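Residue numbers (my numbering), protein chains in the order written: chain A, 8 to 331; chain B, 8 to 511; chain C, 8 to 176.
If you are wondering where the hints come from, they were derived from the structure by calculation, not from laboratory data. Predicted model only: the values in this text are computed from it and were never measured. Even glycine gets a Cβ: it sits at the ideal position worked out from N, Cα and C. Check before you lean on any hint, since a few could be wrong.
Taking CB as the label site, the calculated pair distances span [unchecked claim]:
hint : chain 1 : residue 1 : chain 2 : residue 2 : range
1    : C       : Tyr150    : A       : Val299    : 34 to 44 Å
2    : A       : Val299    : C       : Phe54     : 34 to 44 Å
3    : B       : Phe204    : C       : Pro42     : 18 to 28 Å
4    : A       : Glu60     : B       : Met24     : 48 to 58 Å
5    : B       : Lys246    : C       : Trp145    : 28 to 38 Å
6    : B       : Ser471    : C       : Pro42     : 33 to 43 Å
7    : A       : Glu247    : C       : Phe54     : 49 to 59 Å
8    : C       : Tyr150    : A       : Lys312    : 25 to 35 Å
9    : C       : Val139    : B       : Leu296    : 39 to 49 Å
10   : B       : Ser471    : A       : Gln191    : 58 to 68 Å
11   : C       : Ser132    : B       : Arg501    : 48 to 58 Å
12   : C       : Pro42     : A       : Thr284    : 47 to 57 Å
13   : A       : Ala87     : B       : Val135    : 19 to 29 Å
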Amino acid sequence: MFRKLAVAALLTAVFASSALAAFPSRNFECIAPAGPGGGWDTTMRMVARVLTEKGIISRAMPVINKPGGGGGVALAYINAKKDPHTITVYSPPLLLINLTGQTELSYKNVTPLAMLINDFGAFAVPDDSPYKTIGDLFDALKKDPKSVKLGGTSSPGSMDHIQFLHAAKAAGVEVKDIPYIAFQGGEALAALLGGHIDVYTTGMAEVVGPLEAGDVRVLALTSPERIKEGPLAQVPTLIEQGVNATFVNWRGIFGVPNMSEEARSFMENALRQMSETPEWAEICTRNGWTQVFMGSSDFAAFLEKTNEEYKSLLEAIGLYQQAQ
Amino acid sequence: MDTSVISNLMFGFSVAMKWQNFGMMIVGSALGTVLGMLPGLGPSTGIALLLPLTFVMPAEMALITMCAVYYGAMFGGSRSSILLNIPGDGAAVASCFDGYPMAQQGRAEAALAISAIASFIGGLISCVAFVAIAVPVARFALRFGPPEYFVLMIFALAATAAISKEALLRGLISMFIGLALTTVGIDLQSGVQRFTFGTVELQSGIDFVVVIIGVYGLGEILHEYQTLRTKGEAHVQKKFGRIWISWEDWRRCWLPMLRQTPIGFFIGVLPGAGGTIAAMMSYNNEKQLSKHPEEFGRGAIEGLAAPEAANNACSIGAMIPMFTLGVPGSGTTAVMLGALMIYGLQPGPLLFQHNPEIAWGVIASLFLANVICAIINIPLAGLLVRVLAVPPRVLYPLVIGMAFLGVYTINYSASEFVLLTLLGLLGYFMKCYKIPTAPLILAVVVGASMEQSFRQALLMSDGSGAIFFRSSICNVLWLLAVLSIAWPFISDWRQKKKSAAADA
Amino acid sequence: MPMRRDATVGLFSVILGTLYGAETLQIRNATIGNPWAPRVFPLGISFFLIALGVATLAIDRKKTAGHAEAKPKPRDPGCIKLIVGTVVLCGAYGFAFEPFGYIVSTLAFMFLLLTLVNEPKRWVSNIVITLVFTFALWGTFVYVFDIMLPSFNMEEIGGWVSWISGGGV
Numbered sequence: 008m009f010r011k012l013a014v015a016a017l018l019t020a021v022f023a024s025s026a027l028a029a030f031p032s033r034n035f036e037c038i039a040p041a042g043p044g045g046g047w048d049t050t051m052r053m054v055a056r057v058l059t060e061k062g063i064i065s066r067a068m069p070v071i072n073k074p075g076g077g078g079g080v081a082l083a084y085i086n087a088k089k090d091p092h093t094i095t096v097y098s099p100p101l102l103l104i105n106l107t108g109q110t111e112l113s114y115k116n117v118t119p120l121a122m123l124i125n126d127f128g129a130f131a132v133p134d135d136s137p138y139k140t141i142g143d144l145f146d147a148l149k150k151d152p153k154s155v156k157l158g159g160t161s162s163p164g165s166m167d168h169i170q171f172l173h174a175a176k177a178a179g180v181e182v183k184d185i186p187y188i189a190f191q192g193g194e195a196l197a198a199l200l201g202g203h204i205d206v207y208t209t210g211m212a213e214v215v216g217p218l219e220a221g222d223v224r225v226l227a228l229t230s231p232e233r234i235k236e237g238p239l240a241q242v243p244t245l246i247e248q249g250v251n252a253t254f255v256n257w258r259g260i261f262g263v264p265n266m267s268e269e270a271r272s273f274m275e276n277a278l279r280q281m282s283e284t285p286e287w288a289e290i291c292t293r294n295g296w297t298q299v300f301m302g303s304s305d306f307a308a309f310l311e312k313t314n315e316e317y318k319s320l321l322e323a324i325g326l327y328q329q330a331q
Numbered sequence: 008m009d010t011s012v013i014s015n016l017m018f019g020f021s022v023a024m025k026w027q028n029f030g031m032m033i034v035g036s037a038l039g040t041v042l043g044m045l046p047g048l049g050p051s052t053g054i055a056l057l058l059p060l061t062f063v064m065p066a067e068m069a070l071i072t073m074c075a076v077y078y079g080a081m082f083g084g085s086r087s088s089i090l091l092n093i094p095g096d097g098a099a100v101a102s103c104f105d106g107y108p109m110a111q112q113g114r115a116e117a118a119l120a121i122s123a124i125a126s127f128i129g130g131l132i133s134c135v136a137f138v139a140i141a142v143p144v145a146r147f148a149l150r151f152g153p154p155e156y157f158v159l160m161i162f163a164l165a166a167t168a169a170i171s172k173e174a175l176l177r178g179l180i181s182m183f184i185g186l187a188l189t190t191v192g193i194d195l196q197s198g199v200q201r202f203t204f205g206t207v208e209l210q211s212g213i214d215f216v217v218v219i220i221g222v223y224g225l226g227e228i229l230h231e232y233q234t235l236r237t238k239g240e241a242h243v244q245k246k247f248g249r250i251w252i253s254w255e256d257w258r259r260c261w262l263p264m265l266r267q268t269p270i271g272f273f274i275g276v277l278p279g280a281g282g283t284i285a286a287m288m289s290y291n292n293e294k295q296l297s298k299h300p301e302e303f304g305r306g307a308i309e310g311l312a313a314p315e316a317a318n319n320a321c322s323i324g325a326m327i328p329m330f331t332l333g334v335p336g337s338g339t340t341a342v343m344l345g346a347l348m349i350y351g352l353q354p355g356p357l358l359f360q361h362n363p364e365i366a367w368g369v370i371a372s373l374f375l376a377n378v379i380c381a382i383i384n385i386p387l388a389g390l391l392v393r394v395l396a397v398p399p400r401v402l403y404p405l406v407i408g409m410a411f412l413g414v415y416t417i418n419y420s421a422s423e424f425v426l427l428t429l430l431g432l433l434g435y436f437m438k439c440y441k442i443p444t445a446p447l448i449l450a451v452v453v454g455a456s457m458e459q460s461f462r463q464a465l466l467m468s469d470g471s472g473a474i475f476f477r478s479s480i481c482n483v484l485w486l487l488a489v490l491s492i493a494w495p496f497i498s499d500w501r502q503k504k505k506s507a508a509a510d511a
Numbered sequence: 008m009p010m011r012r013d014a015t016v017g018l019f020s021v022i023l024g025t026l027y028g029a030e031t032l033q034i035r036n037a038t039i040g041n042p043w044a045p046r047v048f049p050l051g052i053s054f055f056l057i058a059l060g061v062a063t064l065a066i067d068r069k070k071t072a073g074h075a076e077a078k079p080k081p082r083d084p085g086c087i088k089l090i091v092g093t094v095v096l097c098g099a100y101g102f103a104f105e106p107f108g109y110i111v112s113t114l115a116f117m118f119l120l121l122t123l124v125n126e127p128k129r130w131v132s133n134i135v136i137t138l139v140f141t142f143a144l145w146g147t148f149v150y151v152f153d154i155m156l157p158s159f160n161m162e163e164i165g166g167w168v169s170w171i172s173g174g175g176v
């Protein structure tokens, strides 16, 4: 037993000394908490690309996908990591999967490094839909909450669902009875085009193509102001249509819990430098993302405040659940 | 087909034939074939690995490379099914049924050849169909909503469980075990955890690739251990012939290939159904149409040709929703769609107007990649077939090692290794007790979407079951499901009547 | 005498269906929509597993009155050792893969597996195959496919060691 203890002490010593080395001391591991091709994956890959291409970080930054549980699987993975060379990307589901009881881990189990972009939600109907404005839709819901079939890609209680209920509630609709049908990937858009659902609640990027092709009509965006360019510039915001609600899909970069001050400030600075490059600006325009930058401590405060907001929203809808 | 299609296609060929693009197509086809052969690594892993290419390549070149990898993986997927009875992914499961028995009978050369030929023919016909009828087919496919998908999956499962009449009950038991496996994880409709026993790893459910590799691959090896010491060396093949087929083989296969291609193609166009359903349905269908169904499962060459043609047709069909509607038709095309978005391009019908070099270049590259893959695969098969010369006592450990590495790449986590081992044991016991494994595999592949379709449909109808009979598509599919269970009994009865008449 | 095949399959199906059904009832209520919705599909599966199991048992009773079952395939005497050994090694590989890294764990796993299946007397070829397999796949994955494989992880092993020694104290 003494030998075991000695080995343990030795190993701990080796590990401790390696942690003292300057950061970054080895290659990074960038986690995309979802499958390839989606918003999280794209953001992570773009960030890693600009950081390495511009020489802001000289170590390699390979991206690994850890899909599952609406991001919960990756969250558990990060939480167990102690090495600060692991980073990931998250957005509102980081808070939502905790508040709906899917995982007991929360934003407190990661270190916020920087918020980078904002994205907004969109509500689309088929081109031949009787609903011409968001007001028509909410009126129909007020008369009979079951008359409209709402579909989206995230699980119930996560982003697509919540952004719609948030808007409907602001418009005075009794939201508890609105049925929400969760689809996977592109099936939701196919279901909308086939007339199997009436409204599709999703992100802006997902509706641009079918909107341009004339297959769908976008009733409203959840942004505070109108989008400046592209086909979405003709779509009014909720506020313009008298519904006092916005929903921001913020996206930021996170590190492992209990990062050293040195590692945290290194990453914050690297991300700040990255966000000031013209390459990053171009990527944001191309993907229709609104560029923002919020440093580590502001981001942490933002998360705390936002978590409370989401919590009261979920409580009002009846979806709030303490993790078991 | 009007002339503008032809001239557009010619323009596409001029893009695809640029030497850089053509070179990447060859590299992609070869890489895809290799990826497809390794158990666990399939087309979607391959394309995900290629995503970083989008940083350095122009858009059309990256997409052409991705398509070539996708295509190569579909060609390569059945190699390990035929030679080792270990499907590379779901779509290659049906290729085990007759491909592996053929290899065991010393006809591996013919099996590998017909699989490449059938893939080529299925792919080529589908490419033509893509150009000619993509838009109307895609519009029709939109009529499939959740209730239609649910009944479609019932039909596919019923037909697979009924594949052997003697083992109908066991086939059904196998199917329900498969369905039970798919209920593990976070429920998509309610976010509730089911059967996760408090573990994070099970929250995202059990990946069907793990089940396929476990039940089929590892289970098969454990079962073969029973006779490894006594008969193990008997399976070793020492002499190898040319990779080609005889006229007799060709005579048996041409019609099955032609008639199963449309089935595969249409299943591919449906966004909610994929290659596994296409391959299984075409296999079942061919067995029912065959004059000698008793040979199926014992090395009937058309039992290999049919699913191979269908599954390649399906992979082409899956591109249609992406190009015509901007909706991904499969997991793999979803990744491609993501790649388009990285370039700031909008997938969908307008791609043909805004970026014709991409849309038509990719379509033309499908024709070319199909030819390239066929050319690569025939000589490659001559090389691969030599694994049969490796004695099982060496081959099996190597296959087990590769299977684990393939499973690691699914989530970049070793947490599924234990699961893989347990599923291997399940497969072993199923083989010992003569429970067919095919219904379990298909159930695992379709189970999750089947339950989701069921629940989505009930949400749409506010709980009324009448929605499952709402359209003629539903009713026809119900009829087919009932027929496929009853068919073995009907044909039996007709046989008896015939022989009774002959006796009299 | 070993148990009859049909009876075993039927019994297995009934037991599995029952356990699965019992576990289904433990599923939490859904917070949105019908609280029972997540249970409906699993309950159907459980019902069918039990029903099909009972049907298999019933047919088995009818059959045993008539003809006997076909004899199972003859088995080698040592096969149980091979099967159990492989299963144990596979499980151990799963636990060792991430903490010890790909190279160390795969070298050990392949060598032991080959020793078991290919017999210890061929140890020279076993060592050669193990080395070639491990490094060839490593090269393919890391350099051709650009897939990261886990390397020796001091931190995790340190955690294990202190966990074990902690348990010892």
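Verification of the supplied hints:
no.	hint	verdict
1	C:Tyr150 x A:Val299: 34 to 44 Å	holds, 39 Å
2	A:Val299 x C:Phe54: 34 to 44 Å	violated, 53 Å
3	B:Phe204 x C:Pro42: 18 to 28 Å	holds, 21 Å
4	A:Glu60 x B:Met24: 48 to 58 Å	violated, 31 Å
5	B:Lys246 x C:Trp145: 28 to 38 Å	holds, 34 Å
6	B:Ser471 x C:Pro42: 33 to 43 Å	violated, 19 Å
7	A:Glu247 x C:Phe54: 49 to 59 Å	holds, 53 Å
8	C:Tyr150 x A:Lys312: 25 to 35 Å	violated, 47 Å
9	C:Val139 x B:Leu296: 39 to 49 Å	holds, 47 Å
10	B:Ser471 x A:Gln191: 58 to 68 Å	violated, 24 Å
11	C:Ser132 x B:Arg501: 48 to 58 Å	holds, 57 Å
12	C:Pro42 x A:Thr284: 47 to 57 Å	holds, 51 Å
13	A:Ala87 x B:Val135: 19 to 29 Å	violated, 52 Å
Hint check: violations occur at hints 2, 4, 6, 8, 10, 13; the rest are consistent with the structure.
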